[in-house]
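The listed protein sequences derive, respectively, from chains Z and C. For the first sequence, my numbering gives the first residue as 43, with consecutive numbering after it. For the second sequence, my numbering gives the first residue as 3, with consecutive numbering after it.
Careful, some of the hints might be misleading.
[What the hints assert, rightly or not] With beta-carbon atoms standing in for the labels, derived distance ranges:
{"no.": "1", "chain 1": "Z", "residue 1": "Ala199", "chain 2": "C", "residue 2": "Gln171", "range": "30 to 38 Å"}
{"no.": "2", "chain 1": "C", "residue 1": "Leu168", "chain 2": "Z", "residue 2": "Ala261", "range": "38 to 46 Å"}
{"no.": "3", "chain 1": "C", "residue 1": "Glu128", "chain 2": "Z", "residue 2": "Ala261", "range": "36 to 44 Å"}
{"no.": "4", "chain 1": "C", "residue 1": "Pro268", "chain 2": "Z", "residue 2": "Gly169", "range": "41 to 49 Å"}
The set of hints was computed from the structure by calculation and includes no laboratory data. Note that CB positions come from ideal geometry on N, CA and C, so glycine has one too.
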Amino acid sequence: MTEVFDIFLLEAVLNGLLLGGLLALLSLGLNLVFGVIDVVWICYAELIMCGMYAVYYLHVQYHWPLALAMLAAIAVVALLGLILHVFVIKPVLSAEPINQLLVTGGVLFFLQAAATLAFGIEFKNLGVTLPSVRLGEMSFSGARLIAFGVALAGMVALWIFLSRSYLGTAIRAISQDRQIMPLMGVDPARIFSLTSALGGGLAGLAACLLVLQYDIHPAIGLSFGPIVFLICVLGGLGNMLGGFIAAFVFAQFIAVGGFFFAIEWGYVIAFAFFIAVMFWRPRGILSR
Amino acid sequence: MNYPLHLAILVLLWGYIYTSWSLMGRVGLVSFGHGAFMGIGAYTVVMLWNHFGLTPWLGAIAALAFTAAVAVVIGYPCFRFKIVGHYFALVTLALSEVTRLIIVALRDQTGGSLGATPNGALHGGETVALGALQFAAKEVWLAIVLAFWLGGLWVWRMVDRSMGRLALQAISEEEEAAASIGIHVTRAKLRITIISALMTCAGGILYAQYQLYVNPDTVSGIAISLQMVFGVIAGGMFVMLGPTVGAAFTLLLAEGLRLAFGNRYPALDTTIYGVMLVLFIIYMPKGILGAALDLFKTRRASSPRTAPSR
């Protein structure tokens with residue numbers, strides 16, 4: 043009996059690992075935007091929702107090939123990120139920080155309601171099922187494995203971009219000192235726009251991976267949005283490595299907690315853990 | 003069904019809850035966790051009544067005690083370790099999600115996402131069941147919520163006149179400086195948090211008893227917490243009647259659009275509301291009432307002829 047028990051626990055742990063990769067990618071865009079522009083996009087999960095709808099409609103309604111639909115969706119969400127920055131964030135950049143948080147909350151309401159208006163409240167499914175992979179007595183969903191792989195590849199690509207390219211270096215420099223960099227010939231406004239588009243693009247990539255696993259509906263953002271924020275805060279807002287670690291920790295709590303109890307309890311334990319850690323390290327686990 | 007009366011009750015009830023939230027919000031404590039306090043209020047009372055037959059009067063005491071405990075457990079470390087701004091908002095957001103998830107997870111007792119209905123106590127045409135806090139007559143409810151709303155405004159006024167208010171103002175502007183002139187930051191913040199949480203909890207109880215239905219998504223969680231924050235922003239959080247104006251505005255907007263378009267466009271009101279919120283925060287951060295008062299003031303100041311001259 044114990045042997046069976048252990049293999050299922052191992053399966054839960056490994057599924058948690060796969061979930062962790064996905065959550066790490068989800069938190070990446072948010073962390074990038076926060077680190078550079080110092081703004082929390084509360085509507086980040088809703089941008090992902092828009093990306094999921096874009097994939098769905100291009101693929102199912104207009105019969106685009108899936109890969110092309112996904113590329114287009116990434117471009118669409120990148121554009122949304124840019125629009126969000128230019129029309130909503132820019133006007134409040136010099137206002138109180140909390141106003142910047144709240145204004146994107148207004149965008150959350152808008153996107154969610156506009157999606158309901160445009161697409162209806164029915165659950166939509168892409169209709170693509172990937173075969174699951176069996177490993178001994180355990181089985182893993184193919185969509186999750188792909189998501190994990192793409193998420194890791196995306197993170198590595200971003201890391202190379204930030205550390206090797208000129209623009210990436212400029213982005214990192216701006217995030218470290220907003221006052222000095224303009225004197226060095228870096229235009230903050232351009233970097234901010236670029237970062238927003240990049241953050242949007244990452245949300246679009248996340249949307250492509252999520253759409254393979256989950257049904258789409260207008261309120262789907264609320265089901266994973268809070269987790270993504272908490273992961274970013276847990277890792278230290280703007281700290282990408284911290285967010286990466288926090289994503290895997292969180293995913294384990296959800297997967298293993300959900301294994302022993304109901305899935306909601308997995309979340310409850312993860313959230314309670316988050317609150318406890320905040321009291322221990324208010325600026326995130328990697329803060330000095 | 004008396005529709006205008008129903009609207010008036012909802013405006014006053016939400017006005018009261020928004021006022022409770024603003025007690026914290028206007029001194030820089032932007033909480034996304036008030037859904038938790040409202041949910042605790044609503045569910046504690048209904049669950050104790052349904053499962054143990056405990057009258058809501060005693061249930062309310064239990065709910066308030068529970069809320070105060072939660073407020074201290076979350077608030078004290080937050081204030082002690084200087085969790086402010088974004089971080090405070092997101093920690094409290096976790097609190098409201100935890101509350102919602104616990105309610106859903108205890109589905110055998112709470113009914114989960116389907117919600118729960120308090121056992122009816124109005125038998126055979128009775129209109130008042132005082133022990134069960136259930137009233138069929140809407141006039142009774144109007145009187146109750148009016149009393150609570152006035153009570154909320156009274157608390158606002160008392161806080162305004164107290165020394166604590168000055169301390170909190172100082173803290174919200176410069177926490178370190180406030181501490182250095184001898185303000186007990188943690189204590190000042192904790193006090194207003196407990197007051198605000200208890201009032202919100204009472205609002206949750208009233209909401210549950212009035213609607214005679216509770217649902218984890220409508221009394222707790224991130225959605226309801228955001229609704230409170232944005233209702234207040236729309237109305238204006240720095241003036242006493244601002245939150246109430248926000249409640250009236252959002253409710254009448256939703257109802258007005260529903261009357262105009264029927265149910266053809268179910269989310270039209272929230273779409274317009276979302277756009278307006280964004281515009282408000284960018285161009286009118288003081289809210290409707292705040293901006294109106296400002297306009298009134300500058301007009302008076304710029305036209306000295308209207309002032310009585312001797």
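Going down the list of hints, with the structure as the test:
One distance hint, 30 to 38 Å for the beta-carbon pair Ala199/Z and Gln171/C, is violated here, with the actual separation near 48 Å. Separation of Leu168/C from Ala261/Z is about 42 Å and conforms to the stated range, judged on CB atoms against 38 to 46 Å. Between Glu128/C and Ala261/Z the beta carbon distance is about 39 Å. The supplied range of 36 to 44 Å therefore holds. For the pair Pro268/C and Gly169/Z, the beta carbons lie near 25 Å from each other, so the given range of 41 to 49 Å is not met.
Of the numbered hints listed earlier, those contradicted by the structure are 1, 4.
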